[in-house]
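Protein chains: 2
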Amino acid sequence: MIIDSHEHLMLPIEMQIEKLNQAGVDKAILFSTVPHPERAKNLAELRGEMNILYKVLAGANNKEANRERMIKNNNELAMQMKKYPERFFGFGAVPLGMSEPETSLWIEENILSNEFKGIGEFTPGSDEQIRQLEVIFQAVNNFSNLPIWVHTFNPVTISGIHILMELCAKYPLVPVIFGHMGGSNWIDVIDFVKSHKYVYLDLSAAFASIATRIAISELPERCLYSSDAPYGEPYLYRQLIEFVSPSQEVANMVLGNNILQLLSE
Amino acid sequence: MIIDSHEHLMLPIEMQIEKLNQAGVDKAILFSTVPHPERAKNLAELRGEMNILYKVLAGANNKEANRERMIKNNNELAMQMKKYPERFFGFGAVPLGMSEPETSLWIEENILSNEFKGIGEFTPGSDEQIRQLEVIFQAVNNFSNLPIWVHTFNPVTISGIHILMELCAKYPLVPVIFGHMGGSNWIDVIDFVKSHKYVYLDLSAAFASIATRIAISELPERCLYSSDAPYGEPYLYRQLIEFVSPSQEVANMVLGNNILQLLSE
Numbered sequence: 001m002i003i004d005s006h007e008h009l010m011l012p013i014e015m016q017i018e019k020l021n022q023a024g025v026d027k028a029i030l031f032s033t034v035p036h037p038e039r040a041k042n043l044a045e046l047r048g049e050m051n052i053l054y055k056v057l058a059g060a061n062n063k064e065a066n067r068e069r070m071i072k073n074n075n076e077l078a079m080q081m082k083k084y085p086e087r088f089f090g091f092g093a094v095p096l097g098m099s100e101p102e103t104s105l106w107i108e109e110n111i112l113s114n115e116f117k118g119i120g121e122f123t124p125g126s127d128e129q130i131r132q133l134e135v136i137f138q139a140v141n142n143f144s145n146l147p148i149w150v151h152t153f154n155p156v157t158i159s160g161i162h163i164l165m166e167l168c169a170k171y172p173l174v175p176v177i178f179g180h181m182g183g184s185n186w187i188d189v190i191d192f193v194k195s196h197k198y199v200y201l202d203l204s205a206a207f208a209s210i211a212t213r214i215a216i217s218e219l220p221e222r223c224l225y226s227s228d229a230p231y232g233e234p235y236l237y238r239q240l241i242e243f244v245s246p247s248q249e250v251a252n253m254v255l256g257n258n259i260l261q262l263l264s265e
Numbered sequence: 001m002i003i004d005s006h007e008h009l010m011l012p013i014e015m016q017i018e019k020l021n022q023a024g025v026d027k028a029i030l031f032s033t034v035p036h037p038e039r040a041k042n043l044a045e046l047r048g049e050m051n052i053l054y055k056v057l058a059g060a061n062n063k064e065a066n067r068e069r070m071i072k073n074n075n076e077l078a079m080q081m082k083k084y085p086e087r088f089f090g091f092g093a094v095p096l097g098m099s100e101p102e103t104s105l106w107i108e109e110n111i112l113s114n115e116f117k118g119i120g121e122f123t124p125g126s127d128e129q130i131r132q133l134e135v136i137f138q139a140v141n142n143f144s145n146l147p148i149w150v151h152t153f154n155p156v157t158i159s160g161i162h163i164l165m166e167l168c169a170k171y172p173l174v175p176v177i178f179g180h181m182g183g184s185n186w187i188d189v190i191d192f193v194k195s196h197k198y199v200y201l202d203l204s205a206a207f208a209s210i211a212t213r214i215a216i217s218e219l220p221e222r223c224l225y226s227s228d229a230p231y232g233e234p235y236l237y238r239q240l241i242e243f244v245s246p247s248q249e250v251a252n253m254v255l256g257n258n259i260l261q262l263l264s265e
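Heads up: the protein sequence lines correspond to chains V and L, in order. 1 is the number of the first residue of the first sequence in UniProt numbering; add one for each residue after it. 1 is the number of the first residue of the second sequence in UniProt numbering; add one for each residue after it.
Honestly, I wouldn't trust all of these hints.
Lysine-lysine pairs mimicking BS3-like chemistry, simulated, CA-CA at most 25 Å apart [unchecked claim]:
#, chain 1, residue 1, chain 2, residue 2
1, L, 63, L, 27
2, L, 63, V, 194
3, L, 72, L, 27
4, L, 82, L, 72
5, L, 72, L, 83
6, L, 41, V, 197
7, V, 170, V, 27
8, V, 83, V, 117
9, V, 83, V, 72
10, L, 41, V, 41
11, V, 41, L, 194
12, V, 55, V, 83
Looking from chain L toward chain V, a few residues come up when the C-beta cut is under 10 Å (computed) [claimed, not checked]:
#, residue
13, 34
14, 46
15, 63
16, 153
17, 190
18, 191
19, 195
20, 196
21, 217
22, 221
23, 229
24, 231
25, 233
Worth flagging that the hints you see were computed from the coordinates, not collected in a lab. The C-beta atom is built at its ideal place from N, Cα and C for all residues, glycine as well.
All chains, please: the whole structure from these sequences, using the hints.
Right, dumping it as structure tokens:
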């Protein structure tokens, strides 16, 4: 089974399915989203969509508004997914800055009740926000097998990545997916993952084919194919995996078997 | 004619030609290189190769040693290219920090004499190094049509990109290629290039297919296909261009016609 392990909800969702079909992908893991760049027809419209995201990342909204937005986005995601349950899994959003009991309650009410398989995407705008992830690590310990998906590309720096690595070392049984494989810091991230069994590499936003090739050859059982659609194309990212994998067997692991195994643990 | 407009010299050069053939690419523009990641068989060897580059970027070598290295690398590039003249053009390296007359002399002795078509890649390690590019802009005015190729991805920040934009505005007739399209700052870079006629977008190191799609749709005559091999694969980057281009005619412009036109101006 071919699974695109990281896509953001696109509207209408039939566009998402069309892209999966075009790429020969069976299922995708959907994440909620603030902007909808797939709606932009040109640069000006795209800038408008992205400015919505940048405002949220910069903390322009207050805590209460952010939580309401997340509940709304999680519910929208769950609703869209239910139209095509055979094509999608979902990961749901959890706010930072709550206590552990509050976070656990949120997970029950907004993640488990929506039948999401994991939580994220966390896009930390500062090192402080990465430190705040510790409560998430503590809370997921109360549940069985909820992988945490963290964006580790720009604007996350190597200092933020080190904080995340420390959390992984402190909570070694929590499954964590390093989104976009650390960006420019991919060599350090691959090195780290080699000695941390429950840490996974998301291969989207790949800017150097050589990085994808090395990751797959060093950690074939820990690499996860994804496109980050609508930012990346499921078809092109599948081509990338097939092109750089040392064998069809390894490509199959990366293209679906690894994430399936992780979600069923 | 399909031209990969940015590749680094790989050794043996027959490996480079094999990759061109595999991608159906007629010619490549070669740039000299410090590391040879294509030789690395695993993560440890790759780290070794890249550390050589990081030392140079961090200024570990003195000025004299750097210049000698550049002369050696330029000559090696010219020598390798001459084995297969029908498959390659070349761009040559020019050091920063020299006076304008010294820079012009260097261009005569190391660029024109080697029949290189342009200069670069400049990989500025700081805003100060981007400011030093002004001498290069002044010197190329003494020659006809020598495009300048500047790396604008990480570690170059938006502040460095703004300095480069100011230089482009101050010397509007100097052709400049923004390598990797500004990285995460691609929206700002596309916007800038729309109003600056001699500025071009290099499409390698693309981490978001949507960025490549928007660049090509907004500036079809200013986008240049490249792979940045050995970091990227010529085959995959060609697939990307063909996938996101609105028509085969536009794809052909991006895949070769635009750079051919630029080099023959």
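Here is what the structure says about each hint:
1. 63(L) / 27(L): Violated: residue 63(L) and residue 27(L) sit about 33 Å apart, past 25 Å.
2. 63(L) / 194(V): 39 Å, violated
3. 72(L) / 27(L): 23 Å, holds
4. 82(L) / 72(L): 15 Å, holds
5. 72(L) / 83(L): With a Cα-Cα distance of about 17 Å, the restraint between residue 72(L) and residue 83(L) holds, given a limit of 25 Å.
6. 41(L) / 197(V): Answer holds: residue 41(L) to residue 197(V) is near 23 Å, not above 25 Å.
7. 170(V) / 27(V): 33 Å, violated
8. 83(V) / 117(V): OK: residue 83(V) and residue 117(V) at ~17 Å, within 25 Å.
9. 83(V) / 72(V): The hint holds at about 17 Å.
10. 41(L) / 41(V): 43 Å, violated
11. 41(V) / 194(L): 17 Å, holds
12. 55(V) / 83(V): Answer violated: residue 55(V) to residue 83(V) is near 31 Å, above 25 Å.
13. 34: 15 Å, violated
14. 46: At about 6 Å, which falls below the 10 Å cut-off, the nearest Cβ of chain V leaves the hint on residue 46(L) intact, so it holds.
15. 63: Hint violated; residue 63(L) Cβ to chain V Cβ min 27 Å, cut 10 Å.
16. 153: Hint holds; residue 153(L) Cβ to chain V Cβ min 7 Å, cut 10 Å.
17. 190: 6 Å, holds
18. 191: Interface hint status for residue 191(L): holds (7 Å vs cutoff 10 Å).
19. 195: 12 Å, violated
20. 196: Status violated, d = 15 Å.
21. 217: Residue 217(L) check passes; min Cβ-Cβ to chain V is 7 Å, inside 10 Å.
22. 221: Not OK, violated: residue 221(L) not within 10 Å of chain V, min 16 Å.
23. 229: 9 Å, holds
24. 231: Residue 231(L) check passes; min Cβ-Cβ to chain V is 4 Å, inside 10 Å.
25. 233: 4 Å, holds
Checked against the numbered hints above, the structure violates hints 1, 2, 7, 10, 12, 13, 15, 19, 20, 22; every other hint is satisfied.
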